[in-house]
Structures are given as structure tokens and as C-alpha cells.
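Here is how the chains run, residue by residue.
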Amino acid sequence: MTMPMNLLEQMLNKRITLLLKDNRELEGKLVGYDDYMNLVLEDTEERTPELVRRLGTVVLRGNNVVRISLK
Amino acid sequence: MTMPMNLLEQMLNKRITLLLKDNRELEGKLVGYDDYMNLVLEDTEERTPELVRRLGTVVLRGNNVVRISLK
Amino acid sequence: MTMPMNLLEQMLNKRITLLLKDNRELEGKLVGYDDYMNLVLEDTEERTPELVRRLGTVVLRGNNVVRISLK
Amino acid sequence: MTMPMNLLEQMLNKRITLLLKDNRELEGKLVGYDDYMNLVLEDTEERTPELVRRLGTVVLRGNNVVRISLK
Amino acid sequence: MTMPMNLLEQMLNKRITLLLKDNRELEGKLVGYDDYMNLVLEDTEERTPELVRRLGTVVLRGNNVVRISLK
Amino acid sequence: MTMPMNLLEQMLNKRITLLLKDNRELEGKLVGYDDYMNLVLEDTEERTPELVRRLGTVVLRGNNVVRISLK
Amino acid sequence: MTMPMNLLEQMLNKRITLLLKDNRELEGKLVGYDDYMNLVLEDTEERTPELVRRLGTVVLRGNNVVRISLK
Chain H
1 MTMPMNLLEQ
11 MLNKRITLLL
21 KDNRELEGKL
31 VGYDDYMNLV
41 LEDTEERTPE
51 LVRRLGTVVL
61 RGNNVVRISL
71 K
Chain Y
1 MTMPMNLLEQ
11 MLNKRITLLL
21 KDNRELEGKL
31 VGYDDYMNLV
41 LEDTEERTPE
51 LVRRLGTVVL
61 RGNNVVRISL
71 K
Chain Z
1 MTMPMNLLEQ
11 MLNKRITLLL
21 KDNRELEGKL
31 VGYDDYMNLV
41 LEDTEERTPE
51 LVRRLGTVVL
61 RGNNVVRISL
71 K
Chain R
1 MTMPMNLLEQ
11 MLNKRITLLL
21 KDNRELEGKL
31 VGYDDYMNLV
41 LEDTEERTPE
51 LVRRLGTVVL
61 RGNNVVRISL
71 K
Chain V
1 MTMPMNLLEQ
11 MLNKRITLLL
21 KDNRELEGKL
31 VGYDDYMNLV
41 LEDTEERTPE
51 LVRRLGTVVL
61 RGNNVVRISL
71 K
Chain D
1 MTMPMNLLEQ
11 MLNKRITLLL
21 KDNRELEGKL
31 VGYDDYMNLV
41 LEDTEERTPE
51 LVRRLGTVVL
61 RGNNVVRISL
71 K
Chain E
1 MTMPMNLLEQ
11 MLNKRITLLL
21 KDNRELEGKL
31 VGYDDYMNLV
41 LEDTEERTPE
51 LVRRLGTVVL
61 RGNNVVRISL
71 K
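Chains as they are written, first to last, in the working numbering: chain H, 1 to 71; chain Y, 1 to 71; chain Z, 1 to 71; chain R, 1 to 71; chain V, 1 to 71; chain D, 1 to 71; chain E, 1 to 71.
Don't take every hint at face value.
[Unchecked claim] With the C-beta cut set under 8 Å, the calculated list includes, among others, these residues of chain Z facing chain R:
{"#": "1", "residue": "MET1"}
{"#": "2", "residue": "THR2"}
{"#": "3", "residue": "MET3"}
{"#": "4", "residue": "PRO4"}
{"#": "5", "residue": "LEU7"}
{"#": "6", "residue": "LEU8"}
{"#": "7", "residue": "MET37"}
{"#": "8", "residue": "THR48"}
{"#": "9", "residue": "VAL65"}
{"#": "10", "residue": "ARG67"}
{"#": "11", "residue": "ILE68"}
{"#": "12", "residue": "LEU70"}
[What the hints assert, rightly or not] Chain R residues, not near chain Z, derived (Cβ > 12 Å throughout):
{"#": "13", "residue": "ARG15"}
{"#": "14", "residue": "VAL52"}
{"#": "15", "residue": "LEU70"}
By construction, these hints were calculated from the structure, which means they are not laboratory data. We put the beta carbon where it would ideally sit given N, CA and C, even for glycine.
Turn these sequences into a full structure, and let the hints steer you where they fit.
Below, the structure is given as C-alpha cells:
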């Protein structure tokens, strides 16, 4: 069995894709997280249906996270 | 009586179908979960009305989960 | 006085109708529940305005549940 | 001063009208409740703008309740 | 400094106007409340853009309350 | 470092502008608050896209608050 | 590993860009935060699709925050 938090640990320092509740997708290197699934990404790129934006280092609030996968 | 968490245990290593709050459906092998119903799926396929996407291994946040069933 | 959780107990092994927040209705045999009103249904049939679907055994997350009644 | 929970107690075995977050109204005899305002109604009638439906005995989840009044 | 709960205490037995999340406004005499801002109103009148309705004594669930003011 | 709650303390007895989740803006003198960011305003004026309304003294529930700034 | 709260600490006294749930973006100097991700910004500028507004010092409630990045 792979606990969700253990998978996050294995994803550290890898590029991930993140889907948020408002349908926004972010891609970046996962460099940190906490128990609420608040996340820290580096070299982040955000994609909405209209736009791609480079954001550098970002904090994402866990309660907006829908799914996390390896890039 | 089958407790919801016990059914998740029985579903481990089986392919499940997952409905999320935004109407997204994912199909994949359940390999992990925790008390908040955060889930880990492998060989995941995501279906929205517009799109099918292969996502590999994913973490899903429990508070977006609506229903879980065996494939 | 009938406590809500006691009524769920009386509904065990009976067919129930379940309304979810997204207006989805499920009908199935209630075989389990927990304190968060997470539910386990067997021989489940799901009805949306567009579709009837047979789903077998399902876990429903309690925070999406609106109402539960005997079939 | 009338505490909200005390008013629920006084409403026991009386017919009440219940408004839910999705604008659904239910009318029925209140036969039980708990600290989360989960409710049990008997001889329940549900009204949406489109439909009146007889539902018998129902459990309503408290976090969908907006207002409760005597019929 | 006037703590929000102290203001509710001062509003007891006075007519208040209540705005709910769904944009519904209720006017009535505040006769009770609890720590979750669940409220009890008497001689309640409810106004939606379409309708005025007399509701008598009502329980309102605190998590739908937006603002409370003296009539 | 200015903790959010300390800034609220500094705003006491000053006129503030408040944005709520439903896009409503209120302006008034902050006379109280609690740990949930429930607020008490005096001489309150509410602005929606359609309307300006004088409301006197109001309680606002913290979980609808988006931003607070000095007028 | 960079914990989300540690990154906020590193962002102190720097200009950040903040995305809120209602799609509002704020830019300002981060001068404070707490465990709920309530934030204090100075020299804040708010951008919605329609408008840019100067707001001075503001408190933002954490539960509306989606993402935080360095300007």
C-alpha cells in the first residue's frame, strides 16, 4: 500500500502536474508540502484555457488541490 | 456491515472508477488511501466529457471525491 | 426520538434512495456507513437526468449526501 | 432566550418545513435530530419548483439545512 | 471593543435583518443563538427577489449567515 | 512581522472596507472582531453593483470575508 | 525540502502576487501571515478583469487563497 503522503514524498524534486479546483493546471518541481497538502513548486508554469504563465516558486493551498501526478 | 474504509481496503490493487465533484471520472488501480479518503491510483485514465487522458500514478484529494466503485 | 444514525442502522440491508449535492440519485442496498455518513451501497443504480447506470458496490462520501430515504 | 437546539426539541413530533441549500423544501414530522442538525422526518413531502414527491421517512444531512420552521 | 457574540446578546428580543448566503433576507425578532451563530427568530418574514413569506418561528443554520443587523 | 489579527487590532475604531465572498462591499467603523474573523461594524454602508444601503451596526460572519482594508 | 510555511517566511518583506478563489489577483509586500494562511499585504494593488485598485494595507483571509508567488 502507498499512502498518499508517501507518494508526495517520492515525488519530491520531480516535476509534477497539479489540477486545482478552478480547473487551472500547474506544472513545476515539487520541493515541499505539509499535512494539509499545501505544496511548494519551483519553475512553475500555469496553464488555463486562455493562457500559459511562468510563475517561478509558488505556494499552493491544499484545499484547492484536486489531483497531483508526475509530469 | 461493511464499513466504508473496509471496502476501500478490499478494493486495494483492483481497478476502480472514481467520480469527482467537478464531474471528472478517473479509472485506475487503487494502491493507497488514508483516513481523509485521499487516494493513490496507478495506471490512471481520466475522462471528462471532452477528453481521455493517461495520467500514470496520481494522488487525489479526498474532499473532491463523490463516489468510488469497482471497475 | 429517532437519532439520524439510528435510522441508518434500521435501514441496513434495505434498499435506499440517496440524493447527492450534484442532484445525482442512487438506489442500492445499504450495507454500511460510518460517523461521517460515508455510505456503502450494493447493487447500486445511479440516475442523472441523462442516464441510468449500474455500478455494483460503491462508497459514497458523506459530505456530498443531501438526503437518504427508504426505497 | 431560546437556544436553537431547544427549539428543535420543541418541534419534535410536529410537522416542520425545511429549506435546503439547493432550494428544495421538505415538509414532514420531525422525529429526530443530532448535534450536527442532521434530521429525521416522517411522512415527508418534497417540493422543488418542478415536482412534489412523497418520500416517507428520511434522513437529512445537517450541512445542507438552511432554515427550519413549523408548518 | 464589541465582540460579535456580545452584539448578538444586545440584539436579543429586538427585530433584526439577516442576510443568508443564497441572498435571501429574513426579518424577525431574535430570541436565541448559539456559538455557531445558529439563530432563532420569531415573527419571521422572508424576502427573496420574488416573494415575501411569513414563517413564524424559525431556526437558521449559522453557516449560511452572511450579515446580521438591527432592523 | 504584522500578524493578521494584530492588524485587525490596529484597525479598531477606524473605518474599513470589507469585501465579502458574494462580491458585496461594506464600509464601516470596525468596533469588534473575534478569532474566526467575525466582525462588528458601525455606521455601515453596503454596496452591491445595484445598490447602496445604510445598515447601522452589523455582525459579519468571518467565513464570508475575503479582504479587509482601511478606508 | 521547503515547507510551505517556511517559504512564506522567506517571502516576508518582498512583493508577492496572490491569486484568490474568485479569480482576483493582488500584488503587495507581504508583511505578515498566520497558520491559516491569513495574510497581511502593504502597498497592495488589486486586479480584476475589469479594474486596478490601490488598497494600501490589507488582511486577506486564508481560506480564499489559491496561490502565492514572488512578484
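Check: Is the Cβ of VAL52/R more than 12 Å away from each Cβ in chain Z?
Finding: holds (15 Å)
Notebook entry, point to check: Is the nearest CB of chain Z more than 12 Å from the CB of ARG15/R?
Noted result: Correct as stated: the minimum Cβ-Cβ distance to chain Z is 16 Å, above 12 Å.
Margin query: Please check whether LEU70/Z passes as an interface residue: C-beta within 8 Å of a C-beta belonging to chain R.
Written below: holds (6 Å)
Item checked: Restraint check, 8 Å cut-off on beta carbons, for THR2/Z near chain R -> Hint on THR2/Z: holds, closest Cβ of chain R at ~4 Å, below 8 Å.
Item checked: Restraint check, 8 Å cut-off on beta carbons, for ILE68/Z near chain R -> Status holds, d = 4 Å.
Check: Does the nearest C-beta of chain R fall within a distance shorter than 8 Å of the C-beta of LEU8/Z?
Finding: holds (7 Å)
Next item on the list: Under 8 Å, Cβ to Cβ, is where LEU7/Z needs to be relative to chain R, so tell me if that hint holds or is violated.
Entry: Check passed: Cβ of LEU7/Z comes within 5 Å of chain R, closer than 8 Å.
Checklist line | Interface hint for THR48/Z, Cβ within 8 Å of any Cβ on chain R | finding: Status violated, d = 15 Å.
Check: At a threshold of 8 Å, is the proposed contact between PRO4/Z and chain R supported by beta-carbon distances?
Finding: holds (4 Å)
Check: Would the stated hint for MET1/Z survive a check requiring a Cβ distance to chain R of less than 8 Å?
Finding: holds (5 Å)
Margin query: Let's test the interface hint: is any C-beta of chain R closer than 8 Å to that of ARG67/Z?
Written below: It holds, given that the least Cβ distance between ARG67/Z and chain R is near 5 Å, below 8 Å.
Check: Does the nearest C-beta of chain R fall within a distance shorter than 8 Å of the C-beta of MET3/Z?
Finding: Cβ of MET3/Z sits 5 Å from chain R, so the hint holds.
In terms of the numbered hints stated before, the structure departs from hint 8 and from no other.
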